[in-house]
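Protein chains: 2
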Amino acid sequence: MNFEKKLNEYIEKVNFNIDSYLELRYPERIFEAMRYSILAGGKRLRPLLLLSACEAVGGNIEDCMPFACAMEMIHTYSLIHDDLPAMDNDDFRRGKPTCHKVYDEGIAILAGDGLLNYAFEVIFDAICKKGDINLAKAGKIIADYSGSKGMLVGQVVDIESEGKEIDKDTLLYIHDNKTGGLIKASLMAGALIGGASEKEVEKFKEIGYKIGMAFQIKDDILDVTSTTEVLGKPVLSDVKNNKITYVSLFGMEKAKEDFEKLSEEAVKLIGEFGEKAEFLQWYAKSLINRNK
Amino acid sequence: MNFEKKLNEYIEKVNFNIDSYLELRYPERIFEAMRYSILAGGKRLRPLLLLSACEAVGGNIEDCMPFACAMEMIHTYSLIHDDLPAMDNDDFRRGKPTCHKVYDEGIAILAGDGLLNYAFEVIFDAICKKGDINLAKAGKIIADYSGSKGMLVGQVVDIESEGKEIDKDTLLYIHDNKTGGLIKASLMAGALIGGASEKEVEKFKEIGYKIGMAFQIKDDILDVTSTTEVLGKPVLSDVKNNKITYVSLFGMEKAKEDFEKLSEEAVKLIGEFGEKAEFLQWYAKSLINRNK
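Sequences listed follow chains U and S, in order.
Going left to right, the first sequence walks through residues 1 to 292 as the numbering used here numbers them.
Going left to right, the second sequence walks through residues 293 to 584 as the numbering used here numbers them.
Think of the hints as simulated: they come from the structure by calculation, not from any bench.
Possibly wrong hints are sitting among the right ones.
[As the list claims (entries may be wrong)] One side of the interface only, derived from the structure: several residues of chain U facing chain S at Cβ under 7 Å:
id, residue
1, Leu-24
2, Pro-27
3, Val-102
4, Gly-106
5, Leu-110
6, Ile-133
7, Lys-137
8, Lys-140
9, Ser-146
10, Ser-148
11, Val-156
12, Ile-159
13, Ser-161
14, Gly-163
15, Val-230
16, Pro-234
Think of the CB as a built atom: it goes at the ideal place given N, C-alpha and C, for glycine as much as any other residue.
Could you put the whole structure together from the sequences, leaning on the hints where they help?
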């Protein structure tokens with residue numbers, strides 16, 4: 001099977017659905033701002049993981065589409081708010097001016113709020129249309145790992161740690177929650193909707209932990225070893241910002257070692273789901289081999 | 293029945309539950325900030341409407357408690373974000389420094405995000421525990437009216453209208469959505485959980501529209517007729533800010549007239565639910581007769 005082609009088809013489907021969910025309507029300015037940020041590109045990593053986890057357990061990806069799009073809305077809301085002057089104060093993302101630079105801070109805050117809220121509007125709509133309580137369990141996972149059991153608390157500890165000496169446990173907590181939260185949620189929710197058992201969902205949590213952690217270690221490695229041209233953003237930014245990373249805390253050798261180990265384990269765990277999981281496995285490998 | 297006593301009992305129950313949901317835990321700073329804002333007082337208007345609407349159709353209020361607390365979390369998130377420098381830039385609320393003054397802007401943004409997200413964590417938890425798809429319908433109503441069909445879009449049009457001449461339709465849109473959104477959602481969700489039919493839920497939407505609009509007209513009236521001492525906040529603030537209000541657009545006489553009419557209609561509609569709705573009716577009247 002041509003996985004690359006399939007990947008692009010899935011991305012197109014996700015983009016098409018996001019576009020229709022967020023159709024421009026009154027009051028236009030807020031929908032424009034939400035659309036500006038969510039349609040600015042991006043790998044659609046979380047939707048892709050959700051769809052392919054569903055497929056890996058034999059589910060129908062059409063059932064997942066609202067949830068996949070909701071994950072991207074939640075991811076985008078977090079980027080908009082992270083970029084705000086009161087947080088990371090970033091003027092550019094993916095080479096384009098950030099939401100609060102194009103609109104204003106007030107609208108950017110509301111666009112973030114709007115995307116988070118809209119994710120749950122879309123999820124509840126799907127649950128009610130299907131009348132399937134299993135979908136509510138997927139909703140619960142997404143809510144938990146976006147919030148008090150994942151991304152939000154990871155982000156809090158991250159900004160609280162700025163300029164401080166942090167220990168290994170704290171760094172692992174940040175990576176596992178801030179980056180790993182939505183990755184775990186995507187895989188678990190996708191598997192659940194696809195009909196996975198509780199035990200299988202737990203396995204996807206483990207896969208998510210490993211992919212999330214490997215993803216973040218790679219980020220930390222690339223910040224040191226890559227070039228601005230390849231990465232499309234300034235390198236050595238962590239060093240300049242005195243930011244503790246996996247590399248600065250454990251050293252480059254161990255970082256590379258752990259990255260390899262986590263990646264291999266994740267790929268192996270996915271393999272346990274057999275042929276149906278081949279696309280997910282290929283996709284996980286492509287994330288591991290990325291150079292930007 | 294002593295309604296005043298019952299009201300205080302309900303408020304205590306709501307406060308007790310909010311307190312336990314948001315128990316202080318790691319990372320403490322964000323839970324502290326969320327607790328600071330949500331436990332800073334407040335009438336608990338939305339939870340009270342939700343509980344008493346459930347009761348008005350013969351439901352058990354214990355089933356509603358997670359939803360009632362979620363409404364207060366959503367309301368509080370909107371206040372925290374509204375108070376931010378990029379929005380209304382308010383240093384005080386209910387006589388206490390606002391969230392971003394006590395903590396910082398970054399934490400205030402995250403505390404708002406956290407409360408919105410946590411509301412849905414609590415709601416999904418309740419749905420999954422009960423395994424009742426009817427509760428998902430209540431979740432959908434809450435998500436819709438907090439977001440793209442209510443509060444969020446109302447707030448967008450409100451800040452977009454600042455310093456502009458707006459027409460009647462725009463003012464009614466702002467009031468119906470920004471203030472009315474959560475009021476309608478509370479009544480509709482409470483009724484739904486209590487076992488109301490679709491037709492009855494629609495009636496609660498109408499009641500919510502009337503209460504929300506009357507509530508907001510009263511706000512606009514009090515800004516002109518009250519004193520800073522009674523109101524606990526500066527009067528004539530709308531006039532000073534050149535803000536178009538119901539009073540400035542329709543005149544004081546018509547504002548009072550419409551307020552009376554909407555209030556009477558709301559109370560009458562509640563009456564159709566008979567004896568079980570007596571507390572809701574009393575509560576609606578107390579909102580109407582408020583002088584602050």
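Measuring from the C-beta of Lys-137 (chain U) to each C-beta in chain S, is the shortest one below 7 Å?
For Lys-137 (chain U), the interface hint holds, since the closest Cβ of chain S sits about 6 Å away, which is under 7 Å.
Any CB of chain S closer than 7 Å to the CB of Ile-159 (chain U)?
It holds, given that the least Cβ distance between Ile-159 (chain U) and chain S is near 6 Å, below 7 Å.
Status of the hint placing Val-230 (chain U) at chain S (closest C-beta pair under 7 Å):
Because about 31 Å separates Val-230 (chain U) from the closest Cβ in chain S, which is outside the 7 Å limit, the hint is violated.
Quick check on Gly-106 (chain U) please, does its C-beta sit within 7 Å of some C-beta on chain S?
With a minimum Cβ separation of about 5 Å from chain S (threshold 7 Å), the hint on Gly-106 (chain U) holds.
Hey, does the Leu-24 (chain U) contact hint survive, CB to chain S under 7 Å?
violated, 12 Å
Is the interface hint satisfied for Ser-148 (chain U)? The criterion is a beta-carbon contact with chain S at less than 7 Å.
holds, 6 Å
Does Leu-110 (chain U) meet its interface restraint, that is, does its C-beta lie within less than 7 Å of any C-beta in chain S?
Where the cut-off is 7 Å and the nearest Cβ of chain S is about 6 Å from Leu-110 (chain U), the hint holds.
Hint Ser-146 (chain U) vs chain S: min CB-CB distance below 7 Å?
Holds, because the Cβ-Cβ distance from Ser-146 (chain U) to chain S comes to roughly 6 Å (cut-off 7 Å).
Return the status of the interface hint for Ile-133 (chain U): holds when the least beta-carbon distance to chain S is below 7 Å, violated otherwise.
holds, 5 Å
Hint validation: Val-102 (chain U) versus chain S, beta carbon distance must be below 7 Å. Holds or violated?
Cβ of Val-102 (chain U) sits 14 Å from chain S, so the hint is violated.
Holds or violated: is the Cβ of Pro-234 (chain U) closer than 7 Å to a Cβ in chain S?
Since the shortest Cβ distance to chain S is 22 Å, the answer is violated.
Using Cβ atoms only, decide whether Ser-161 (chain U) comes closer than 7 Å to chain S, and label the hint accordingly.
Since chain S brings no Cβ nearer than about 10 Å to Ser-161 (chain U), farther than 7 Å, the hint is violated.
Consistency with the previously given hints fails for numbers 1, 3, 13, 14, 15 and 16, ordered from lowest to highest.
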